[in-house]
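Asker: With my numbering applied, the sequence shown corresponds to residues 1 to 462, in that order.
Just so you know, these hints were derived from the structure itself, not from any lab. All values derive from a computational prediction rather than experimental measurement. Honestly, I wouldn't trust all of these hints.
[What the hints assert, rightly or not] Keeping only pairs whose Cα atoms sit at most 20 Å apart, straight-line, the calculated DMTMM-like set for lysine to aspartate or glutamate is:
#, residue 1, residue 2
1, 260, 209
2, 395, 216
3, 260, 210
4, 395, 444
5, 260, 238
6, 395, 405
7, 395, 209
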Amino acid sequence: MHLYWHQRDLRVPDNRGLHAATDGDTVVPVYVFDDTVLSQVGRPKRAFLAAGVRALRAAYRERGSDLLVREGDAESVLPALADEFDADTVFHAAHYDAARRNRRTRVADALAAAGVDTAGHVDHTLVDPATLDDAYPSHSQFYDDWQQAPKPDPVPAPDADALADVHDDHTLSVPAPEPPLPDAGHAAATDRLAAFLDDGIASYNDTRDDLAAAVDAPASAVSRLSPYLAAGNIGVREVWAAVADAYDDATGDAARNIGKYRYELSWREQNYHLLYHTPRLQTENYVSFDAPIAWQNSDDHFEAWTRGETGYPLVDAGMRQLRAEGYVHNRPRQVVASFLTKHLLVDWRRGERHFADRLVDYDPANNAANWQWTASTGTDTVAVRIFDPVSQMAKYDSDAAFVTEYVPELRGVDPETIVDWPTLRHSQRERLAPDYHHPIVDRDHAYERAQRVFEAALDGDA
Numbered sequence: 001m002h003l004y005w006h007q008r009d010l011r012v013p014d015n016r017g018l019h020a021a022t023d024g025d026t027v028v029p030v031y032v033f034d035d036t037v038l039s040q041v042g043r044p045k046r047a048f049l050a051a052g053v054r055a056l057r058a059a060y061r062e063r064g065s066d067l068l069v070r071e072g073d074a075e076s077v078l079p080a081l082a083d084e085f086d087a088d089t090v091f092h093a094a095h096y097d098a099a100r101r102n103r104r105t106r107v108a109d110a111l112a113a114a115g116v117d118t119a120g121h122v123d124h125t126l127v128d129p130a131t132l133d134d135a136y137p138s139h140s141q142f143y144d145d146w147q148q149a150p151k152p153d154p155v156p157a158p159d160a161d162a163l164a165d166v167h168d169d170h171t172l173s174v175p176a177p178e179p180p181l182p183d184a185g186h187a188a189a190t191d192r193l194a195a196f197l198d199d200g201i202a203s204y205n206d207t208r209d210d211l212a213a214a215v216d217a218p219a220s221a222v223s224r225l226s227p228y229l230a231a232g233n234i235g236v237r238e239v240w241a242a243v244a245d246a247y248d249d250a251t252g253d254a255a256r257n258i259g260k261y262r263y264e265l266s267w268r269e270q271n272y273h274l275l276y277h278t279p280r281l282q283t284e285n286y287v288s289f290d291a292p293i294a295w296q297n298s299d300d301h302f303e304a305w306t307r308g309e310t311g312y313p314l315v316d317a318g319m320r321q322l323r324a325e326g327y328v329h330n331r332p333r334q335v336v337a338s339f340l341t342k343h344l345l346v347d348w349r350r351g352e353r354h355f356a357d358r359l360v361d362y363d364p365a366n367n368a369a370n371w372q373w374t375a376s377t378g379t380d381t382v383a384v385r386i387f388d389p390v391s392q393m394a395k396y397d398s399d400a401a402f403v404t405e406y407v408p409e410l411r412g413v414d415p416e417t418i419v420d421w422p423t424l425r426h427s428q429r430e431r432l433a434p435d436y437h438h439p440i441v442d443r444d445h446a447y448e449r450a451q452r453v454f455e456a457a458l459d460g461d462a
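Given these sequences and hints, build the entire structure.
Answerer: Now the structure itself:
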């Protein structure tokens, strides 16, 4: 008998660890609600994970089996279950964030003491991070190696007779979903993928930064698969195979757009590669600076940022979308992160933890790597990159469609004026939108200060 320990792989199809566990023996599927790890994520992600666990349980019951759900520390729960079912091996997917790595070590030690083996399998990435170089100076160099590596096909769901005849009545104690969540589970994920393939991917490169399109047709402008990949409701191999089929069938602009989406998946792969080779990526600067960064870390500025009350319309719209939906479109996600770390000089780790607490699609590799990239402490080839929130809005939301969707105080104001809001006179802002906030920092002064601070840290003059 084998146990299969589900974690962030809440699906039956295209699950490489589960597939391996059913090779030659019967499998008992298990999920452990372990606060040691789940305390690292916020209420929206916990609620989405719980919904995924319920969907996973239903999938097993349709196959005549069940998902054993337990609460407690995994290093106690799994040896007890292995003893109960006389299991000789616990299979699981490999994880790379620090909390799960530490838990895996504790679990393996506890199981070994009980005479039970463990077997981890690469599941979260298309390419095993261990098979590539330890570090790359740029994404393009990572991509050159990564694209040459073979990409495995999706593995099938196990036959029903490979699953143990078990039944479990454990009731899940989970937080209420807030904000409202997308439907969870593999069926919902494949529906979302199919919808994107039918009406979205063929224009992806043309619409992915179009914030008006993100308001008018949010399910078409971008894939919205991030919650499902982050929770493992769908396997990355299944996504890659479906996109590859679409690419093979496409020509012209459609092929260009689909090719861009395939390329974007390589960034996710690099983020996992970074986390695998840099276990402290979530807590320590990836770049070594000659002097400490002179973070200001104003609590008032940080709180204004979290509330979406900075007086910078695109920043505030992004932060209010996060609060309302547990999600932020990628373009404003970069802008709000840059604004916090550059214009406000608040340490990226505070932003990273706030996103972890608020995002439904929180992913330890993507969140940490992307925050560090935007903060100029990560892998960006530009030494000090600063997103100007005014020019970013002028380029990607010039009609203020996205901003006015989330910042109602500015509805009725001319879009060009909204774009220029941080540069207007105080009296003009008071007259046009008295209920909206004035900028909490001066645009030019904050930009120049960030340049000085980061250049000083790089040069050792801080």
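Asker: Work down the list of hints and note, for each, if the structure agrees.
Answerer: Hints and how they fare:
A C-alpha spacing of about 13 Å is found between residue 260 and residue 209, which places the hinted pair at or below 20 Å, so the restraint holds. For the hint pairing residue 395 with residue 216, the CA-to-CA distance comes to about 17 Å; that is within 20 Å, so the pair holds. At roughly 15 Å between alpha-carbon atoms, residue 260 and residue 210 fall within 20 Å of each other, so this suggested pair holds. Among the hinted pairs, residue 395 with residue 444 is consistent with the structure: their alpha-carbon atoms are about 19 Å apart, no more than 20 Å.
The hinted pair formed by residue 260 and residue 238 meets the criterion: a straight-line CA distance of about 18 Å does not exceed 20 Å. For the suggested pair residue 395 and residue 405, the alpha carbons sit about 17 Å apart, so the restraint of at most 20 Å is met. About 9 Å separates the Cα atoms of residue 395 and residue 209, which keeps this hinted pair within 20 Å; it holds.
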